[in-house]
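S.K.: Listed here are the chains, written in short residue letters.
2 protein chains.
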Amino acid sequence: MYQLYYWPGIQGRGEYVRLALEEAAAPYQDLALVPEARGGGAKAIASVIDDASIARPPFAPPFLRAGRQWIGQTPNILLYLGERLRLAPADGAGRLWAHQLQLTIADFLVEIHDTHHPIGSGLYYEDQKAAARRRARDFTAHRLPKFLGYFERVLERSGGRWAAGRRFSYVDLSLAQVVAGLRYAFPRATRRGLRRCPLLVVLHDRVVERPRIAAYLASPRRVPFNDDDIFRHYPELDG
Amino acid sequence: MYQLYYWPGIQGRGEYVRLALEEAAAPYQDLALVPEARGGGAKAIASVIDDASIARPPFAPPFLRAGRQWIGQTPNILLYLGERLRLAPADGAGRLWAHQLQLTIADFLVEIHDTHHPIGSGLYYEDQKAAARRRARDFTAHRLPKFLGYFERVLERSGGRWAAGRRFSYVDLSLAQVVAGLRYAFPRATRRGLRRCPLLVVLHDRVVERPRIAAYLASPRRVPFNDDDIFRHYPELDG
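For the record, the sequence lines run as chains A and B.
At position 103 of the first sequence (counting the first as 1) the number is 85 in the numbering used here, and the numbers step up by one without a gap.
At position 176 of the second sequence (counting the first as 1) the number is 158 in the numbering used here, and the numbers step up by one without a gap.
Because the hints were derived from the structure by calculation, they are not lab data.
It is possible that some hints are incorrect.
[Stated by the list, open to error] Sample of chain A residues facing chain B (criterion: CB under 10 angstroms; computed from the structure):
| no. | residue |
| --- | --- |
| 1 | Gln(-15) |
| 2 | Arg20 |
| 3 | Ala37 |
| 4 | Phe41 |
| 5 | Trp52 |
| 6 | Thr56 |
| 7 | Leu61 |
| 8 | Gln82 |
| 9 | Val92 |
| 10 | Gln110 |
| 11 | Arg116 |
| 12 | Phe121 |
| 13 | Tyr132 |
| 14 | Val136 |
| 15 | Val183 |
Predicted, not measured: the structure shown is a model, and the values here were computed from it.
Each residue gets a CB set at the ideal place from its N, CA and C atoms; glycine is no exception.
Please take these sequences and the hints and turn them into a complete structure.
M.R.: Right under this line is the structure:
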């Protein structure tokens, strides 16, 4: 039984871990869905961060408890789970490649987040709106098409079906989540960007139709997109 | 023989890979030091990025050629090299932990970089100076002490000598480089921040005194700190 620690009320970076656990039907407890009074929620995160007896403390959520191991950093959690849940290439070089793609997705997520928080995560959006507008303009004009184009190229070279090779992997789950999130946050810029990325569009559709993913997305376990999250729909930022 | 591809003239993210290769006395060619006319420099990077025959293309430098493998993303390169160069913990859980720390260092580097480029990497610093000042204020007040405090805590729990456990690892090389870079970029804020991090200060000193690292740092292969790099000394940003 895995235990996933992440902020309640948002998909955030925890979602990439959830999608892998759901696709594999792995037994896990999502602490974000457990009330604080019963040991879950934000309090559960703080209690781990503050626990001096943990020899290998995580810096920030998400983190996963797997037996006696605490594992932090989203791509690192997926590196760990990928092999165990059979959601990664079977060989070492392939697993390294899948992980490299996941790290590039993680870089993309930082840039997506920073469109609405270019000055500081601790400040309100309202206090950095002008800077956000400028950063989002640069993002939608240059960075979004660059990242999407890269992943499209990766799909072309892998044969078109799955990103990391012939086998379905957690990278495909993450890419589908990114496409869905971008469509929510930047509908106009994403529509424009995806015009040149037919393989990425098909990949998204294939992923959300997988029976376990479809069931998860329709379940109450899936937090809806919302504007406290990494993907936020602020129309003024959609270039 | 490894081949390292990175931008000429800066330490950047390539430096974390160089330090590992130098510490291990691994045979490598640094393409940044090879003139373009002889197949190196920025042209070498572009020719890989544009090479349609590479099945697993990197998104951005640094990337490493190891035989027929192309490996991108700094922490991923170190994950690969760490085991081979004996610069990582000997067991799988330990290697995952070292990698987790390296990913947190990578997050720190993004925030360090974005103090001078909060709006966009493609724009000049001069065109985002006001936003940079605000972002740097938040960084020096909150983020810098938070990251340093975290790594100090990690050192406390590991026994104080090396970050990832009893064995010296690439994480120690990276932490020493971050301390040196922060001292160059934010001398005041870093002096303040390091007052509570005695173990991190000692770690830095131990690393730069290692014979191969000392020789490397004194060699012409080491690019000096400069203000086209991730670490930039802009006094107006040093809170």
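S.K.: Hints first: check each against the structure and report whether it holds.
M.R.: Each hint, compared with the structure:
1. Gln(-15): 17 angstroms, violated
2. Arg20: With Cβ-Cβ at 28 angstroms, over 10 angstroms, it is violated.
3. Ala37: 5 angstroms, holds
4. Phe41: 5 angstroms, holds
5. Trp52: 9 angstroms, holds
6. Thr56: A:Thr56 check passes; min Cβ-Cβ to chain B is 9 angstroms, inside 10 angstroms.
7. Leu61: Hint holds; A:Leu61 Cβ to chain B Cβ min 7 angstroms, cut 10 angstroms.
8. Gln82: Holds: closest Cβ of chain B sits about 5 angstroms from A:Gln82, inside 10 angstroms.
9. Val92: 6 angstroms, holds
10. Gln110: 8 angstroms, holds
11. Arg116: Since the shortest Cβ distance to chain B is 5 angstroms, the answer is holds.
12. Phe121: 8 angstroms, holds
13. Tyr132: Interface hint status for A:Tyr132: holds (5 angstroms vs cutoff 10 angstroms).
14. Val136: With a closest approach of 7 angstroms, the A:Val136 hint holds.
15. Val183: 20 angstroms, violated
Comparing the model with each earlier hint shows violations of hints 1, 2 and 15; every other hint is respected.
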